Structures are given as structure tokens and as C-alpha cells.
Amino acid sequence: MAKTVVILGGGTGGTMVANHIARSMKDEIKRGEVSIVQVTNNPDHVYQPSFLFVAINHARVVDYTRKQKTLLSQGVELLVDPATKIDPKSNTVTTASGKTLSYDILVIATGAYPDFNSVPGLAEAADNFYTAEGAEKLRDKLMSFEGGKIVFTVDVPHKCPVAPMELTFMLDDFFRKKGIRDKVDILYTYPIGRLHTLEPCANWAAPKFEERGIRSEVFFNVESVDPQKKIITTVEGSEVPFDILISIPAHKGAPVIQESGLGDEGGFIPTDRYTLKAEGYDNIYVLGDATNLPISKAGSTAHYEADVVSENIISELRGLPVSHYYDGKVFCFVEAGLNEATYITFNYNNPPKPVPSSEMIHWFKLAFNEMYWLSARGIL
Amino acid sequence: MAGVHIDKTVDARGSYCPGPLMELIKTVKAASVGQVIEVLSSDQGSAKDIPEWVKKVGHELVLNEKAQDGDYWKIAVKKVK
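Chains A and B, in that order, give the protein sequences.
First residue of the first sequence? That's 3 in our numbering, and the numbers climb one at a time after it.
First residue of the second sequence? That's 3 in our numbering, and the numbers climb one at a time after it.
Think of the hints as simulated: they come from the structure by calculation, not from any bench.
Note that the structure is predicted; figures quoted are calculated from it, not measured.
Careful: at least some of the hints might be erroneous.
List time: in silico DMTMM-like cross-link candidates among lysine to aspartate or glutamate, alpha-carbon distance up to 25 Å [unchecked claim]:
| no. | chain 1 | residue 1 | chain 2 | residue 2 |
| --- | --- | --- | --- | --- |
| 1 | A | 151 | A | 187 |
| 2 | A | 331 | B | 13 |
| 3 | B | 83 | A | 225 |
| 4 | A | 71 | A | 35 |
| 5 | A | 279 | A | 329 |
| 6 | B | 10 | A | 342 |
| 7 | B | 83 | A | 184 |
| 8 | B | 81 | A | 266 |
| 9 | B | 10 | A | 238 |
| 10 | A | 355 | B | 73 |
| 11 | B | 80 | B | 54 |
| 12 | A | 331 | A | 342 |
| 13 | A | 143 | A | 281 |
| 14 | B | 81 | A | 225 |
| 15 | B | 10 | A | 175 |
| 16 | B | 81 | A | 361 |
| 17 | B | 81 | A | 117 |
| 18 | B | 50 | A | 201 |
| 19 | A | 139 | A | 184 |
| 20 | A | 185 | A | 175 |
| 21 | A | 87 | A | 261 |
| 22 | B | 83 | A | 238 |
| 23 | B | 57 | A | 241 |
| 24 | B | 58 | A | 148 |
| 25 | B | 81 | A | 129 |
| 26 | A | 367 | A | 35 |
| 27 | B | 31 | A | 219 |
| 28 | B | 58 | A | 219 |
| 29 | B | 57 | B | 13 |
| 30 | B | 57 | A | 372 |
| 31 | B | 31 | A | 261 |
| 32 | B | 10 | A | 225 |
| 33 | B | 83 | A | 228 |
| 34 | B | 31 | B | 13 |
| 35 | B | 80 | B | 9 |
| 36 | B | 50 | B | 73 |
| 37 | A | 185 | A | 142 |
| 38 | B | 31 | A | 129 |
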């Protein structure tokens, strides 16, 4: 009887794990000893980092979308049928259509989602670039914007922690090139007492903000937004007006995690930071944004975690003990304008050290946007 | 440590991003008024920036000490509003 690996989630982490195992175990799959089933909500796979570029009209969502089935290696069975319940006691997953899937090993890569209802008034008042629809709507506003006040707000937890700063730099550059920078007031806000949670990033950004006339306010945690008066009120007591509010709201885990009682109050799964197994469950792995780990929620994190999860699953299926451990590695490109970027890399024990931004690193970032599809296929 | 009742502990050791204070803000927001949240942080900057935020928002700092059994800090905050 085949050992079955069920993978929940069709994003970066789930797809990389499915392909990595399928490519490494093609003989076992052919012999019917192993089967891999990927369960997703969506027949399409969208490269979410493209939304940053969509918002400034430098990319289109359609160009960063592929059919999920075209990304999967031979041997991976795709089921487009949202998972609605996980039962770890019986090792089963139930789907929206009523199917029950049994697993020997479960991989949870169900992601994180911006919760626009996390703050009163936010859903009505805010724009965003964390969803495809949001990025396109924001693009339409920004392209016709002739002046006024743009305010960025950031809540926790959220995906891609450098993206708010990136769009800030890109908009500064965009409005300069358009010749109306003097008519646009850009206010970047942040929840803690500096510009970014990574102190080296905050120190890297601060002089650029000064030089480019980008205003900032720190210790800024949104309590409510008045959509009619267009005013933000913070927990710390500030009241700030805006013309365009670009908000990165607090994120939540997938509904199936909460429905199954596997998550914390935000729907994130308690996960061992080294083995990436769900705490208390020896046959459940968790990766990407679905974990409760105190590390960046980002595609890069899922990418490095996918290597660990895949190799350990392959070992377990072959009767070997797990031997790979995640060290907290993350790598992020950071745009510093429309034609320059830096990068950061860090892990549990070593903080990042941003290098001076350059045009070459910007082109690396754009190149990776295209190479991503090789990574998703488990090739790069 | 004696006498401090902790309702929830956030182990943010080894966290550079989002970092201990961001983890604390997330947890405090989800907590009930009166609950005490403890953060474990390997970043010595937490001993300064967490109390700074707590003071600004008006919560109560109930513990800020280096752990005796390791190279990390224990900082506890009571949500008061």
C-alpha cells in the first residue's frame, strides 16, 4: 500500500515541497509505493511579489500567473478543492466537496491572509498591494494621483516585511520622475520605534528618507480609521489625515487551521523552529506563512524551509530518521527606488547587513521574478 | 520572577524579523485586558525598546530582567486598556 503525502496549499512552499519529493522519488511513485496529493483553493498560481510592481504599473498580474497543474512534476496529483477540516487523530483531511483524504504525512502550507477587518474602518478606507485586486485598484489611483498625502500603515503580523518600505521608495522615485514630487506628501509609519524591525535595515533606510524628503512616524499602531473624514487614529494617540491610505493589515492564518483547532489566536500553527514539525504531531510538517515561527512571513522563508521539509519527508518515507534542520535562513531583495536595490540575508543567529544599493541588485530582483517559476518547479 | 503571574509567553529568541517587539504587539492586541504577556528575547535592544513602547501606549511593565539560565531577556507586560 502506497504511503501518501498530502500537501495543503498551492503557493510557494506547498508547490516546492510537492515537486522536490516527486522529482527525488519518481521511481517509488512509479512503483506505487508513494503517492503525493496537493490540495489547493485555486487552479492558478500567482507570484505575489509581483504586486509591488503592479501597484506602480511596472507589471501585470496576468504575466505572473500560471496554471498550477503546469508547475507540477509528474507524479503529483492536484486536487483543486479547498480543505475544510484536518483531523490529526484519524490522519484525514476533508475538502469542500466532501472528499476525505487519508495521509501518512501531512504538509501544511496554507499561507497567511491580510485581514482588512482587523481594524474598524480599514476595509472601507484603505488601499493595499497585498492582493491582486488591491494592487490593481491602487495602481489606478496612483497613476492618476496629482498631489496630496499618501500614508503607509503597517500592522503585525504581515507578509514580506520589507515591501512597505520598498513601495515607499518606489513612489518617491515615481513622483519625482513624473515631476510632481513637491505636490505629494509621503508619510511612512511603523509600529515600533524605528523604520524597520531589522535594525540594520532601519539604519540603512533612515538617511535615504532624510535625503528624499520622505516623512515618517514611528510607534504607530492603527486603532481605527474614519473612512468619511479620512483620518487614522493610533493606539499611541496620533490622528493623521490622508488622501490615499496604503495599509498592510494584520494577517491571519487560513480558515481551515482555525476550523481544525490547530492554530493560535491568529490561526498560525505552533511549529518546531528546527524540524518544522507541528508541535505535538510527528507526521505533520508546517512551512511558509502558516507557522507561528518568529521569522519573516515571505516566499524566501518558505523556499528555504521547503528544502528541509522535503528532504526529511523523503528520509522518513525511506525509513531513515530526519536529518535536516532549518536554521531560520531568509533572503530578501529590497528595492530602494525604481532602479536600485539592496538585499538582506539572515538566520536565527546572524542579523542582516544590507549592502549599498545598486542598479545591478535591482536587475537581480527583476531576474528572480522570472526565475521564480523554476524555483516553484523544484529546479532552482 | 516570584509573584509575577504570566498568562502567555512569546519565545522570540532568534527573531530578527519581525522581532520581539513586533511579536509582543501582535500578542498584546489579541490578549484580554489584565493579562500578562512575557517575551523571551535574545536581542538586548528589547530591554530598551519594549519598555519604551509600553510607556508610550500606557500598558504596564511588570518584569525586565536577564535570565539566569541563559543569554536572553525576560520582559513581561500587563495589558491595562
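Going down the list of hints, with the structure as the test:
1. Between the alpha carbons of residue 151 of chain A and residue 187 of chain A the distance comes to roughly 5 Å, so the proposed pair stays at or under 25 Å and holds.
2. Only pairs whose Cα atoms come within 25 Å are accepted, and residue 331 of chain A paired with residue 13 of chain B is accepted, the gap being roughly 18 Å.
3. Restraint check for residue 83 of chain B and residue 225 of chain A: satisfied, since their Cα atoms lie roughly 12 Å apart, inside the 25 Å limit.
4. At roughly 22 Å between alpha-carbon atoms, residue 71 of chain A and residue 35 of chain A fall within 25 Å of each other, so this suggested pair holds.
5. Proximity of residue 279 of chain A to residue 329 of chain A is assessed by CA-CA distance (about 14 Å); at most 25 Å being required, the pair is judged to hold.
6. Pair hint residue 10 of chain B plus residue 342 of chain A does not hold up; C-alpha atoms about 43 Å apart against a cutoff of 25 Å.
7. Simply put, residue 83 of chain B and residue 184 of chain A have alpha-carbon atoms about 41 Å apart, too far for the 25 Å limit, and the pair is violated.
8. Annotation: proposed proximity of residue 81 of chain B to residue 266 of chain A holds, straight-line Cα distance about 19 Å (limit 25 Å).
9. A threshold of 25 Å between alpha carbons decides the hint, and for residue 10 of chain B with residue 238 of chain A the separation of about 23 Å falls inside it, so the pair holds.
10. Between residue 355 of chain A and residue 73 of chain B the CA atoms are separated by roughly 23 Å; this keeps the pair inside 25 Å, and the hint holds.
11. Taken as a hint, the residue 80 of chain B and residue 54 of chain B pair is honoured in the structure, with Cα atoms around 14 Å apart against an allowance of 25 Å.
12. For the hint linking residue 331 of chain A to residue 342 of chain A, the alpha-carbon distance of about 24 Å falls within 25 Å, and the restraint holds.
13. Proposed proximity of residue 143 of chain A and residue 281 of chain A is contradicted: the alpha carbons are some 44 Å apart, above 25 Å.
14. Our distance criterion of 25 Å between C-alpha atoms is met by residue 81 of chain B and residue 225 of chain A, whose separation comes to about 15 Å.
15. Restraint check for residue 10 of chain B and residue 175 of chain A: not satisfied, since their Cα atoms lie roughly 44 Å apart, outside the 25 Å limit.
16. For the suggested pair residue 81 of chain B and residue 361 of chain A, the alpha carbons sit about 46 Å apart, so the restraint of at most 25 Å is broken.
17. Using a Cα cut-off of 25 Å, the hinted pair residue 81 of chain B and residue 117 of chain A holds, with the two alpha carbons roughly 23 Å apart.
18. A distance of roughly 13 Å separates the Cα atoms of residue 50 of chain B and residue 201 of chain A; the hinted pair therefore holds under the 25 Å criterion.
19. Of the pairs offered as hints, the one joining residue 139 of chain A and residue 184 of chain A holds, with about 24 Å between alpha carbons and a cut-off of 25 Å not exceeded.
20. A hinted pair counts as satisfied when its Cα atoms are at most 25 Å apart, and residue 185 of chain A with residue 175 of chain A qualifies at roughly 13 Å.
21. For the suggested pair residue 87 of chain A and residue 261 of chain A, the alpha carbons sit about 6 Å apart, so the restraint of at most 25 Å is met.
22. Restraint check for residue 83 of chain B and residue 238 of chain A: the C-alpha separation of about 12 Å stays at or below 25 Å, so the hint holds.
23. With a C-alpha separation of about 19 Å, the suggested pairing of residue 57 of chain B with residue 241 of chain A holds against the 25 Å cut-off.
24. Taking the CA atoms of residue 58 of chain B and residue 148 of chain A, the gap is about 36 Å. The hint is violated against a cut of 25 Å.
25. Between residue 81 of chain B and residue 129 of chain A, the direct Cα distance comes to roughly 30 Å. Violation of the 25 Å bound is thereby established for this hinted pair.
26. Among the hinted pairs, residue 367 of chain A with residue 35 of chain A is inconsistent with the structure: their alpha-carbon atoms are about 40 Å apart, more than 25 Å.
27. Of the pairs offered as hints, the one joining residue 31 of chain B and residue 219 of chain A holds, with about 20 Å between alpha carbons and a cut-off of 25 Å not exceeded.
28. About 13 Å separates the Cα atoms of residue 58 of chain B and residue 219 of chain A, which keeps this hinted pair within 25 Å; it holds.
29. Using a Cα cut-off of 25 Å, the hinted pair residue 57 of chain B and residue 13 of chain B holds, with the two alpha carbons roughly 22 Å apart.
30. For the proposed pair residue 57 of chain B and residue 372 of chain A, the alpha carbon gap of about 46 Å is over 25 Å, so the pair is violated.
31. A distance of roughly 21 Å separates the Cα atoms of residue 31 of chain B and residue 261 of chain A; the hinted pair therefore holds under the 25 Å criterion.
32. Distance check on the hinted pair: residue 10 of chain B and residue 225 of chain A sit about 23 Å apart at the alpha-carbon level, within 25 Å; holds.
33. A hinted pair counts as satisfied when its Cα atoms are at most 25 Å apart, and residue 83 of chain B with residue 228 of chain A qualifies at roughly 21 Å.
34. Between the alpha carbons of residue 31 of chain B and residue 13 of chain B the distance comes to roughly 17 Å, so the proposed pair stays at or under 25 Å and holds.
35. For the suggested pair residue 80 of chain B and residue 9 of chain B, the alpha carbons sit about 9 Å apart, so the restraint of at most 25 Å is met.
36. Restraint check for residue 50 of chain B and residue 73 of chain B: the C-alpha separation of about 16 Å stays at or below 25 Å, so the hint holds.
37. Simply put, residue 185 of chain A and residue 142 of chain A have alpha-carbon atoms about 18 Å apart, close enough for the 25 Å limit, and the pair holds.
38. Distance restraint check for residue 31 of chain B and residue 129 of chain A: the Cα-Cα separation of roughly 22 Å lies within the 25 Å cut-off, and the hinted pair is therefore satisfied.
Going down the numbered hints, you'll see the structure goes against 6, 7, 13, 15, 16, 24, 25, 26, 30, while the others check out.
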